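Top to bottom, those sequences are chains A and B. So the number in this note's numbering is just where the residue sits in the first sequence, counting from 1, plus 15. So the number in this note's numbering is just where the residue sits in the second sequence, counting from 1, plus 5.
Hints in this document: simulated from the structure, not taken from any laboratory. Each hint should be verified, as a subset may be incorrect.
Stated by the list, open to error - DSBU-like cross-link-like pairs, simulated, lysine-lysine; straight-line CA separation at most 35 Å:
no., chain 1, residue 1, chain 2, residue 2
1, A, 40, A, 145
2, A, 40, B, 193
3, B, 309, A, 145
4, A, 230, B, 10
5, A, 72, A, 90
6, A, 230, B, 11
Unchecked claim - Rough simulated footprint, nothing fancy, chain A against chain B, three-plus residues with beta-carbon under 8 Å:
no., stretch
7, 22-32
8, 72-83
9, 123-137
10, 212-220
11, 262-276
Unchecked claim - Okay, the calculated beta carbon distance ranges per label pair:
no., chain 1, residue 1, chain 2, residue 2, range
12, B, 113, A, 67, 37 to 43 Å
13, B, 193, A, 61, 23 to 29 Å
14, B, 30, A, 67, 31 to 37 Å
15, A, 79, B, 38, 52 to 58 Å
16, A, 61, B, 113, 17 to 23 Å
17, A, 40, B, 176, 30 to 36 Å
18, B, 13, A, 226, 17 to 23 Å
19, B, 93, A, 174, 45 to 51 Å
20, B, 8, A, 226, 20 to 26 Å
21, B, 93, A, 143, 32 to 38 Å
22, B, 24, A, 271, 37 to 43 Å
23, B, 8, A, 170, 54 to 60 Å
Keep in mind it's a predicted model, so treat the numbers as computed, not measured. Even for Gly, the Cβ is constructed at its ideal location relative to N, Cα and C.
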Amino acid sequence: MYSKNIKSTCEKRGRSTGNLRYSYKRHLREKFIELLLLLAAFFSVVITFSIVFMLIKESITFFQHVSIWEFLTEKQWTPLFDDAHYGILPLVSGTVVSSTIALLVALPLGTTIAIYLSEFASYTVREIAKPFLELLGGIPTIVYGYFALLFVTPLLQVIIPDLPGFSLLSAGLVMGIMIIPYVSSMTEDAMRSVPMHLREGSYAIGATRFQTAIKVVMPAAFSGIAAAYILAISRAVGETMVVAIAAGMQPNLTWNPMEQAATITAYIVQVSLGDLPHGSIGYQTIFAAGLTLLLITLIFNILGHLLRKRYRETY
Amino acid sequence: MSDEKKLEELRVVIARHRLWDLIFLISGMLALMLAILTFIALFTQMLIDGAPRLSWDFFTSFPSRRPESAGILSAWVGTTLVMLVTAMAAIPLGVAAGVYLEEYAPRNLFTELIEINVTNLAGVPSIIYGLLALGLFVYQLGLGQSILAAGLTLALLILPIVIVATREAIRSIPVAIREGSYALGATKWETVADHLLPYSAPGILTGIIIGLARAIGETAPIITIGALTFIAFLPPSPIKSEFPFISFEWLTAPFTVMPIQMFNWVSRPEEEFQFNAAAAGLVLVVMTLAMNALAIYLRYRMRKKIKW
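Pulled out of the complex, with its shape left as it was, chain B reads as follows (with noise of 0.2 Å):
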């Protein structure tokens, strides 16, 4: 066989190659475009659906059984008092664990257990969340079916989120930070309230949101909890004229959030009210989106700013 002709044989070799390259790229960005179309498909149709709907009057009104004057008010209130619950509850008890297992834990079983722990809790399925809840929050404590179980419900939910995104914040920071306090002769605790958490805070923060994104738009631990699907009125208000002038009836209230209100507007089966549901999801895509663009662009900014 002479030279030229083996030459000839690997060009052939190194053509098919290339091909099978350019067909991968090919089909990778046909993945991603597939992705990002069933995206833009999704938007569209519900804009399509539910922006004729969205007015002042949708937000401002209660549900009714008349699709056209039916709104979201008790939903939105209901998801933001939820959220508050959420919020009080996940984030120092998510903070302090991520900063238990990464400043304090000495590796020891128990440490792994927790560890292991918290990576099966995430991968727990929300509405196992839903079923502790009810038998736990509803029954076993009497909490019934309120706005506090609820928000302890999600806060449970997101809690893995805000140990992880903790550890991985605070990991982040270099040695030398804390040998430099500690050379000062500031304590552990020192150390981590004035130096750690301060330079991890847009990392907790990032995380804070994105699990909050996520209990917005959970639905399965709300409805398995018994939350009603039809509120025309709203919780107490938590300002009172008299002494004590904060009230904390409204936890103990019962309660709709967006997410049950769009399903119960989905399963119904005249049109109108889907229209309703889309006008609803459409608040709730864009909360959501809003809120996770707002991590993605703070942790960005972060990754700019901070050169340790």
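The following block holds chain A by itself, in its conformation from the complex (with noise of 0.2 Å):
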């Protein structure tokens, strides 16, 4: 294959291969190529801006009407009613409360099988197990709703009977198995890029493999298993259509996972659903939303910055 294309290398520059004066055409056309390709490399950091420019553009706005005192302490969010109430902190419990279902299922779940796939499994179930696991991180999230809502809620409330329609409970769970892949995958590539002499070093003073993944492997992988964990957390938090089909949409300040309510996400597509003015308040309370949701997200994403970088292990 290469020596085919290193022949059309050479066909394609024809006349100047027997050639090699320097060439001003060919220079520009190098130079011209490669100011395309870095535009189109800093065409993600324009996206950035846009973004954050956006979210605070339109907050602005907002925070005209509503004062941010207002926003960080009221316990009302009723901005469509008549008497209107500008309280994130409804929103604000229910994300924490669903999140914190779904990182208790995903944690310990994905960990306990990242471990097993990079130190007990063999290699039939490891090449077996990973595709699947990543089908299963494949699946759209929409779908994943549909699940918690017609599967997961029926099913608990027949343990829990008092459990309503919708509940912060059965959107969590739902989550929280949903986030399982990226937990495992992350977090076993992390392991599994532990030198192997480490593991031979333990097993030759006599540890178990119990005792090698916990005492040796894990403590070694620690920044990318804390990687692993904060995108876990960012992924809980801003995962939209699962909560925003099994738990309901009513703002409600509480932190009972039995309870309904409705998270930053699901709020945001409630309002949109709706047909709501350009420029209205309304209109603006998402994007208010949605620069919250934004910074609890990028503080996660720095902390896992600042982790890596404190304890990045080198070999």
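Work from the hints to combine the two standalone chains into their complex.
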């Protein structure tokens, strides 16, 4: 394959193969292409800036109507009612409760699967299980939402008869299962990149597989595992469709997972479904909510970055 | 203490640790089983509810107020067109950015900024992209709630996936290939276009397929830009009978996509619509799973075939 391409390189250049004179035309073309590629790479920075600009621009108009103090301390979120209250706390509580449940499911199970796959499982099991987990991560979130509402909630109602039709609990549980593949695959990658000689050293002094995994491999892979956890938190906080379908859309200041409540993302979906005029206060609330969400995920991203830097292991 | 006794104690310790090993082995297998069983439960539930609704009519009918005659025609046509726009925008941009970062970029602050930025973009929740699109595409640029706006939104969303896949694919090509090309007098771009891109094509393709599979299932950003949930007509045809034969009117047409159609049906109180939702979900899952499976297969084959 390469020899054919090397030949084509020569053929395309044709005339110049025997002529090594410096060619301005060629040089210019190279520079032009490099500029194009640079622009493409720079485009990602443009996206980030436009996200931040857009959210801040609309939020500023919002905060001219509503004081930041009211936004942060008011206990009701009813921007579309006649008696409007603009307190973000109910949306934050819904987000925190559903994310916590999701993480309580995803982190232990994901880590267990990762340790199992990287330290215990045979080659065959690993080769079958990994693609399977990847497929699980590829299922659209709307399908998980359907599953939470029509399968998990009725199932939970058998065990907990008082559970309402919409609840943070079932949304959180399904979200947790949805995040398992992310946690397990990133954690496993981190553990597999730990050099073999560390394990060999551990086995040589008589440690079992479990001891090696917990006391040698996991600390060595700490930075990668922390990154995986942070990513999981970020995903749980930003996840939309599962909570929008299964947790209900009533903003509700509660820490009780058995109740229904709206998350920040569910609120944005709910408002977008209606026909909101551009520039109205309702339109601006979704940008203010979006900015809050972006700030929360940004904090976790930075935290992850710092953690990784602080604990980076060099082998 | 006699040696015999010491040995006995040691055996107890070893046995205990062996037991822990076994306990963990079993819990690892159980955790894996739980994940797989959930998938099976999800699929079975959808199959039981949705399979009876799957028929030729389901694919060729518009949504309707009567659940038994509602179909997904406008949804799958919409999805196809939106994906077309997404692919046209995300592939050239993503591959070009990946090539730049891997082959051209000097190691300086500016490059590092771009790199940190790409990583961060991958962690931004998808609904935030929806808000960006609502403000920028729908209102600032005046694209309206159109196929074009939706396609571009999803393109931005999967851009980091394409960039990362391109970089990884190019990075795995040994330096010797580049040296060989330069030794023959090729320029940087000739090396990239004639050697690096062709050899990394399967890897890049894998990333693109995974990105598109993700885009097909994305619901939130499309809802945010205001996709309609009930559409009983098709966008104008891209091929016309008179000159110039190709029309781009469809780009500005209102649309709906599969996940939104499904969301609409799930959130209705009537039970019959939920069977429709299950059927639409089944189609959606089969589509995304097929794409993901193709990507996994491609990567597997690539790993086996290429020996640098």
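We went through each hint and held it up to the structure:
1. Of the supplied pair hints, the one linking residue 40 of chain A and residue 145 of chain A is violated, its CA atoms being roughly 50 Å apart against a limit of 35 Å.
2. As the CA atoms of residue 40 of chain A and residue 193 of chain B are separated by approximately 14 Å, the hinted pair is consistent with the 35 Å bound.
3. Proposed proximity of residue 309 of chain B and residue 145 of chain A is supported: the alpha carbons are some 17 Å apart, at most 35 Å.
4. Of the pairs offered as hints, the one joining residue 230 of chain A and residue 10 of chain B holds, with about 28 Å between alpha carbons and a cut-off of 35 Å not exceeded.
5. Among the hinted pairs, residue 72 of chain A with residue 90 of chain A is consistent with the structure: their alpha-carbon atoms are about 25 Å apart, no more than 35 Å.
6. Straight-line distance between C-alpha atoms of residue 230 of chain A and residue 11 of chain B comes to about 25 Å, which keeps the hinted pair within the 35 Å bound.
7. Given as covered by chain A, the stretch 22-32 of chain B passes the check, having 7 residues with a CB less than 8 Å from a CB of that chain where 3 are the minimum.
8. Given a C-beta distance limit of less than 8 Å, the hint that chain A covers the stretch 72-83 of chain B is violated, as 0 residues qualify and 3 are needed.
9. A count of 13 residues in the stretch 123-137 of chain B with a Cβ less than 8 Å from any Cβ of chain A is obtained; the coverage claim is therefore met, three being the minimum.
10. With 3 residues carrying a beta carbon less than 8 Å from a beta carbon of chain A, the stretch 212-220 of chain B meets the three-residue requirement, and the given coverage holds.
11. For the stretch 262-276 of chain B, the stated coverage by chain A holds: 5 residues have a C-beta nearer than 8 Å to a C-beta of that chain, and at least 3 were required.
12. Remark: the range hint 37 to 43 Å for residue 113 of chain B to residue 67 of chain A is contradicted by a beta-carbon distance near 23 Å.
13. Here the CB-CB span from residue 193 of chain B to residue 61 of chain A is close to 25 Å, well matched to the stated 23 to 29 Å.
14. Checked against the given bound of 31 to 37 Å, the beta carbons of residue 30 of chain B and residue 67 of chain A, roughly 48 Å apart, lie outside it.
15. Checked against the hint of 52 to 58 Å, the pair residue 79 of chain A and residue 38 of chain B passes, with Cβ atoms roughly 55 Å apart.
16. For residue 61 of chain A and residue 113 of chain B, the Cβ-Cβ distance of about 19 Å falls inside the hinted range of 17 to 23 Å, so the restraint holds.
17. The hinted range of 30 to 36 Å is satisfied by residue 40 of chain A and residue 176 of chain B, whose Cβ atoms lie roughly 31 Å apart.
18. About 21 Å separates the C-beta atoms of residue 13 of chain B and residue 226 of chain A, a value consistent with the hinted range of 17 to 23 Å.
19. The hinted window of 45 to 51 Å between residue 93 of chain B and residue 174 of chain A holds, with their beta carbons roughly 49 Å apart.
20. With their beta carbons about 25 Å apart, residue 8 of chain B and residue 226 of chain A fall inside the hinted range of 20 to 26 Å.
21. Checked against the hint of 32 to 38 Å, the pair residue 93 of chain B and residue 143 of chain A passes, with Cβ atoms roughly 36 Å apart.
22. For residue 24 of chain B paired with residue 271 of chain A, a C-beta distance near 39 Å keeps the hint of 37 to 43 Å intact.
23. As the Cβ distance of residue 8 of chain B to residue 170 of chain A is approximately 58 Å, the hint placing it in 54 to 60 Å holds.
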